[in-house]
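**Q** All chains, full assembly: derive it from the sequences and hints.
Per this note's numbering, the sequence shown runs over residues 33 to 214.
Certain hints may be false.
Unchecked claim - Listed below are the simulated DSS-like cross-link pairs for lysine-lysine, each with C-alpha atoms no more than 30 Å apart in a straight line:
{"hint": "1", "residue 1": "68", "residue 2": "102"}
{"hint": "2", "residue 1": "102", "residue 2": "75"}
{"hint": "3", "residue 1": "86", "residue 2": "75"}
{"hint": "4", "residue 1": "68", "residue 2": "99"}
{"hint": "5", "residue 1": "86", "residue 2": "116"}
{"hint": "6", "residue 1": "126", "residue 2": "68"}
{"hint": "7", "residue 1": "99", "residue 2": "86"}
{"hint": "8", "residue 1": "68", "residue 2": "86"}
{"hint": "9", "residue 1": "99", "residue 2": "119"}
{"hint": "10", "residue 1": "126", "residue 2": "91"}
{"hint": "11", "residue 1": "102", "residue 2": "91"}
{"hint": "12", "residue 1": "86", "residue 2": "108"}
{"hint": "13", "residue 1": "173", "residue 2": "119"}
It is worth saying that the hints were derived from the structure and are not from the lab.
All values derive from a computational prediction rather than experimental measurement.
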Amino acid sequence: MVFDAVGPICPPQHVSYQLNENETGELLPRDHTLPKDYYSTEKLIRELGLPVEKIDACKTGCMLLWKDDKHLEFCKFCGHARYKPVKGQKPRRKRSAYATLRYLPITPRLQRLYVSNTTAEHMSWHATHETENGVMCHPSKAEAWKHFDDTHPDFATEPRNVRLGLCTDGFAPHGQYGKSYS
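**A** Okay, structure coming up:
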């Protein structure tokens with residue numbers, strides 16, 4: 033869920049997924065194969081062999097309950113309970129966390145890109161493709177990429193090494209809201 037200062041502003045993932053899928057489905061051809069609901073998508077991802085790690089989170093978004101904190105029953109910051117109360121007398125039922133984050137490890141996903149010769153070729157396209165001078169059609173022609181290559185020459189010599197970029201448009205790190213950036 034997405035939170036603001038008061039509480040959740042986005043419905044649980046299966047509801048928000050369904051809303052998004054309905055809109056996306058309208059843009060696709062009638063015979064599209066986009067999964068119809070959240071659970072079908074989750075099943076498809078599982079069948080692809082891509083791991084998904086579920087990490088419990090505080091209901092108010094204060095913290096993630098993982099690594100050294102995975103054994104905690106209450107949030108260290110606000111004291112909110114981790115699990116929803118069990119209704120009825122079903123002691124064997126698995127307890128349900130108020131909020132769960134689904135972590136999709138990136139390493140297996142990147143490795144999967146190199147399984148196919150076609151996608152592997154696209155992953156090293158930046159090293160073989162020629163462009164006009166002064167025209168940036170790929171991030172590999174940017175100053176930041178060139179600076180990284182100069183700083184880390186051992187990494188830069190292998191074209192199959194993957195460089196990850198982070199787009200932070202609209203993201204306010206360290207609570208610096210209202211400050212302009214470019």
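**Q** Please write out, lowest number first, the hints stated earlier that are contradicted by the structure.
**A** Hints 1, 4, 13 contradicted; others consistent.
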